[in-house]
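Visitor: One letter stands for each residue in the lines below.
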Amino acid sequence: MTVSRRTFLKTGALAAAAAPILARAPFVSAQARVTKVLDFQTGADVAKAEQEGEIIYYGHDGEAGIAVLLDSFKKDFPKIKTSYVRLQTGALYAKITAERSANRFGVDVLQLSDISPAIDFQKKGGWEKHVSPEYAGYKAEHQSTPVGYYGWGGVSFAGISYNRGKVKPEQAPKAWKDILNPAFKDGVSAKLATSGMQHAQWYMLRKLYGNDFWPEFAKQRPKGFDARAQLFDRLSKGDDRMCVLAEYAGYTLFQEKGADIEFVAPADGLPAISLYIGVVNRAPHPEAAKLFVDWALSKRGQMVYQNQKILLYGSLRADAGPMPTGKRLADFKLLFPSDWNDFAASHTAFVKEWNAMMGL
Amino acid sequence: MSRASIDVRDLVVRYGTVEAVRGVSFTVAAGEHLTLLGPSGCGKTTTLRAIAGLERPASGEIRIGGRAVFSSAPSVNVPAERRGLSMVFQSYAIWPHMTVFDNVAYGLRVRKLPQEEIATRVREALELVQLGALGMRSASKLSGGQQQRVALARAFVFSPSVLLFDEPLSNLDAKLRAEMRVELKELQRRLDITSVYVTHDLEEALAISDRIVVMRDGAIEQVGTPGEIYDRPRNTFVADFIGSANLIRGRRRPDLERDGLVVIETAGGALVHGTADDRRSGAEALMAVRTVRLRLERVRPATNVNAWPARIRQRVFQGDFTQYHVDWDGRQLIVRSAAPDPLAEGDDVFVSAEPRHCVLLEE
Amino acid sequence: MGGAAAVLVLYPIAYLIQASLSVGDPQARPPEAYGLANYTGLGRYAHIFGNTLLVAGVATVMAVVFGFAMAWILSRTNVPGRVAFEQLMALPYYVTPLMGALAWALIGAPQSGFVNQVWRALGGDGHLIDVNTPWGIAWVMALFEGAVAFVMIGAVMKSMDPSMEEASQVLGAGRMRTMLRITLPLVLPGVLGATVFVFAEMLGSFSAALVLGLPNRFYVVTTAMYQLVSQYPPRFPTAAAMGVSLFALMFVMIWIYRRIVSKGSYVTITGKAFRPRVMDVGRLRWPLLSICIGYLGVAVILPVLTITYASFQRLTSVWPRLDNFTLANYRTALSLDAVRSALGNSLLLGLATASIGVVLMGFLSWLIYRSRLPGAGVIEYVLMFPQAVPRLVFAFGMLWAWLVFPIPIYGTLWLLLIAYLTVFLPLGLRTISGVILQIDRALEESAQMCGATWGYRLRTVTMPLLKPGLVAAWLLLFIASVRELGASILLMGPKAKVITPAIVESWFSTSSELTAAMALLQTLAVAAALAILFTVARRATQPVGE
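Residue numbers (the numbering used here), protein chains in the order written: chain A, 1 to 360; chain B, 1 to 363; chain C, 1 to 546.
If you are wondering where the hints come from, they were derived from the structure by calculation, not from laboratory data.
Here the structure is a predicted model, which means the values were calculated and not measured.
Glycine included, every Cβ here is placed at the ideal spot set by N, Cα and C.
Be aware that one or more of the hints could be misleading.
[Stated by the list, open to error] With the C-beta cut set under 7 Å, the calculated list includes, among others, these residues of chain C facing chain B:
#, residue
1, ILE407
2, ILE409
3, GLY434
4, GLN438
5, ASP440
6, ALA442
7, LEU443
8, GLU445
9, GLN448
10, CYS450
11, ALA452
12, THR453
13, PRO464
[As the list claims (entries may be wrong)] From the derived model, a few chain A residues whose C-beta atoms are all more than 10 Å from chain C:
#, residue
14, LYS79
15, VAL85
16, ARG86
17, ALA102
18, ASP120
19, TYR209
20, ALA229
21, PRO266
22, ASP268
23, PRO324
24, PHE332
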């Protein structure tokens, strides 16, 4: 399953051969020309991008989140209209692959919340190679291999959260092992197998605590949901007592609403994933697409991802400031898979185990 | 008003694989009132609808006023609306969203007559069916009898060349039906129009027809005037359907037959003389004699044939007539008599019938 | 034309069946290899099929009981205000099962449910009711399908000769006995037809099971399929096989339904005037009245009030607190592209679907039920297919089908229009054909005998008689289009969005309160659109003098 440089080159070459349109696409020369616009660097031709006047974005965030993101971009570039499609990552990826297999190319920028489809998309030659000048602000490990396909647009990480009204202080969970406490039976929530974040947690805690950890957890009869908003909505109202995949972003949002909930960051660390954003090849508005990705990965864009409460993805940029809660990403011990290919390969096993656990 | 003749030749109508009408032929003269009579499912309504153009026959030919409106070879099929006919439906088919006036005026408006003429003719038609005052009423607010009259007025107001009736009285109660029958007859006379009438009601058919076509299972059993159908049923089916006839079975006695009469001998040895017309029978034969054509007398009548001794078993007084059940020849005969002098149960009598009233049946 | 409509249906279904037979890479289009493995593998999901049958069965029984009781009360008894109640019975349909499920989740969730909060405040222990159970799901589904059962059973009851009931009463039978012994058997074919129909609907229903079942790890076939295709990698072949299996089950149901319908004589508007009489139920009127109010209460009033209340809350609680009230949900909702442009698109699409649909489906109904064309029966069957396929699954068929279609309608509102017209064919046909079947054929034939040509008949007789039915069908199609979820979710393009998917999505990814605000905005927009339409229509058409 390793994406070697050779297989990449092969698929890339195939894609290029299949698409004569690319032959005159100025992507090689575009990489060379870097311009500064506002306070960030872009490889795009800004005038051309504004002439294209439009960007079509496929994303996984909620309607409200995408609206905030696109509106921020539009504020910086009023000449570029934005439109989007929003679906769960799985369905979103299914849609874009179905469209591409029928030779319909209507997407400029794709953002996924799961690395497995991002890697698959790379194999299929779906990403346009665009080495954003803003990659300079990121570590090499927080970029695609090889570089230039997608960037890591922000990090989400999850700890444990519980409802203070429903959980006695002495029972309050502190470490990951505490989620196995039988006292929480039938009152535990997590995400469904649709979630890339859930995959990451499954993968990391299995690495830490062994293969028996999750079968043990299954005895709690956990309830699975699609999105963090649902998890915290229920937790806040007491429908569930504990959420074991409590994303920090969701926690802050609901705490602000007045929910009586607590966030626990176990000492062993917090499973984390990134979102992955890149330019799609054969994009109808290639320059605008590059401009958007450069903007999104720049400090300017990252502050939107990190500081808008509805998004709240911690930025991996070296120069990123603290999150709205005052904490920096570096203040948390984040657990990333060390081998992305192994992680992607474990996906099938995860889906099988998780679906069974969630009653599907 | 205009009149047209109708010619139906070898008409076949199929529903899927079922042959509803199986090669029917008859003619209706201009101005004649013909009735298709038969039990339900006999194909009479289908035949009528085929004439109307609402049913497409499989084969045969239909001519109206000499013009072919349907023919399988050469292929002709004039749509219903261009056949110049009109029809009264069993369910009346009054349009509930229109007034009485609009219902009746419909056919005239279709023909784009001037407003004043429409108004005049609708008024005349409504008066003819005695609904003069109801023109502006909504059609859905009429009684059954009134709806029937509207349907009638609507059907004849535009002077069609032929008027078709599909059991128009069957939804009315008995009393109203009897009244409407008389009115219908009167209307037919005044309109002087060719009409084809479908019914399963014998009395209705007898009352209003010039000629009756009796049908069964998609085929014609007998064609004749009401008198012929009543007095000279052709076969057991017609005799049965017309009702109130005694059927007498016996062996033919050709040796005794003369003067054009046929003779049968019953199992009990009674000899019955009757008429054959052109009907044929085997050695075993059946004769029909109407209950009202049998006479009961205390003394032997002065005739040398068809007079037999019998005994009154039961007497049922029915007002207009008295019905007697008579023991005769080892069976019972039913006799209806309007004679003022009643016979008593147990009386020995003579029962007799004129040979012209004893009709040989084809089986 | 019938053939063209059949293609509209069969084209996506062919892709669906193809997908269900794919045993290669589940994402490969067209499939790499064919086999039956997806079907033989369904054994793993036996419990989900069991769940589906359980919920659909219980919900059907409840819905038919609701529908029958309401139909009997409102069409056969002299309960006060019956005419008004008959009109109000359309409301559950407007409220929609999605809104009902959202509201009932707020009312009856075991912990946060309003009823249970009050229950605990009164000293109760645990929870009084729990809607996150099969029974709760069935209850919510039944509340809304009950209105459909009411319409179907009510039509039968009204066409029944009241003298039969009167005869029974003359003979000394009590009212209850009359209802059980006379009314019930007489309307039984109609009730059976409604039962089968409602059951088929329940098998394919999605939103109530999604909103209420998910929190309790309870899946039915449609929600399971939704999960299977939302996951990465999406398991289309398995979902398609599930869908086709469900389809087979519903096909049997629809076949039974057709058998029942074809046996009965459904001609009720004849040239004869017929006024159904009602019976005097005496003092029983008041309990019956409270049943009517109670039904509308739990199906309409309570859900709408709950949603309205929640939409103004920060974090919904049954106990109102001043600092918990907010307008933020509406501010957010109105800032969303999904609401701003999508609401307009939805209304536009509803208008187009309803208007084109009524003409198209009216013509098709006439073709199927009146023309006696050879093959009309087959076409009818084919056009009823979308009824049997959950729309989400059907949407995948359409996605694949229309992606490769040479005319570039993919990603536009045109595609959604085609999709709606396809998935609502059964709804439109059923509604319009119901009216066509009720109109005595002789009403058209007598016009023909008066010499009227086809077009003239259509204009002066057929259309005016069909008008009430066509208006009803238009309304149904309009509402159904605006609230459509399953097909839209996948077929929306970046520039062609509609509102309902955004509401469901908002329930997933934001909060109940924002979702409530969006649902209420949708309902208000629909109500406003209808009010404007009717005012304009009333002004435009001169009242026909009588």
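Visitor: State for each hint whether it applies.
Guide: We went through each hint and held it up to the structure:
1. ILE407: violated (38 Å)
2. ILE409: violated (39 Å)
3. GLY434: Violated - the Cβ of C/GLY434 stays beyond 7 Å from chain B, reaching only about 17 Å at its closest.
4. GLN438: Result: violated, 12 Å to nearest chain B Cβ.
5. ASP440: holds (5 Å)
6. ALA442: holds (4 Å)
7. LEU443: holds (5 Å)
8. GLU445: holds (5 Å)
9. GLN448: Where the cut-off is 7 Å and the nearest Cβ of chain B is about 5 Å from C/GLN448, the hint holds.
10. CYS450: holds (4 Å)
11. ALA452: holds (5 Å)
12. THR453: Holds, about 6 Å.
13. PRO464: holds (5 Å)
14. LYS79: Holds, since 18 Å exceeds 10 Å.
15. VAL85: violated (5 Å)
16. ARG86: Nearest chain C Cβ is 7 Å from A/ARG86, so the label is violated.
17. ALA102: Given a closest Cβ separation of 4 Å, the condition is violated.
18. ASP120: Answer for A/ASP120: violated, closest chain C Cβ roughly 8 Å.
19. TYR209: holds (23 Å)
20. ALA229: Incorrect as stated: the minimum Cβ-Cβ distance to chain C is 5 Å, not above 10 Å.
21. PRO266: holds (25 Å)
22. ASP268: holds (27 Å)
23. PRO324: The claim holds: A/PRO324 sits with its nearest Cβ about 17 Å from chain C, beyond 10 Å.
24. PHE332: holds (23 Å)
In the structure shown, a violation is registered for the earlier hints numbered 1, 2, 3, 4, 15, 16, 17, 18 and 20, in ascending order.
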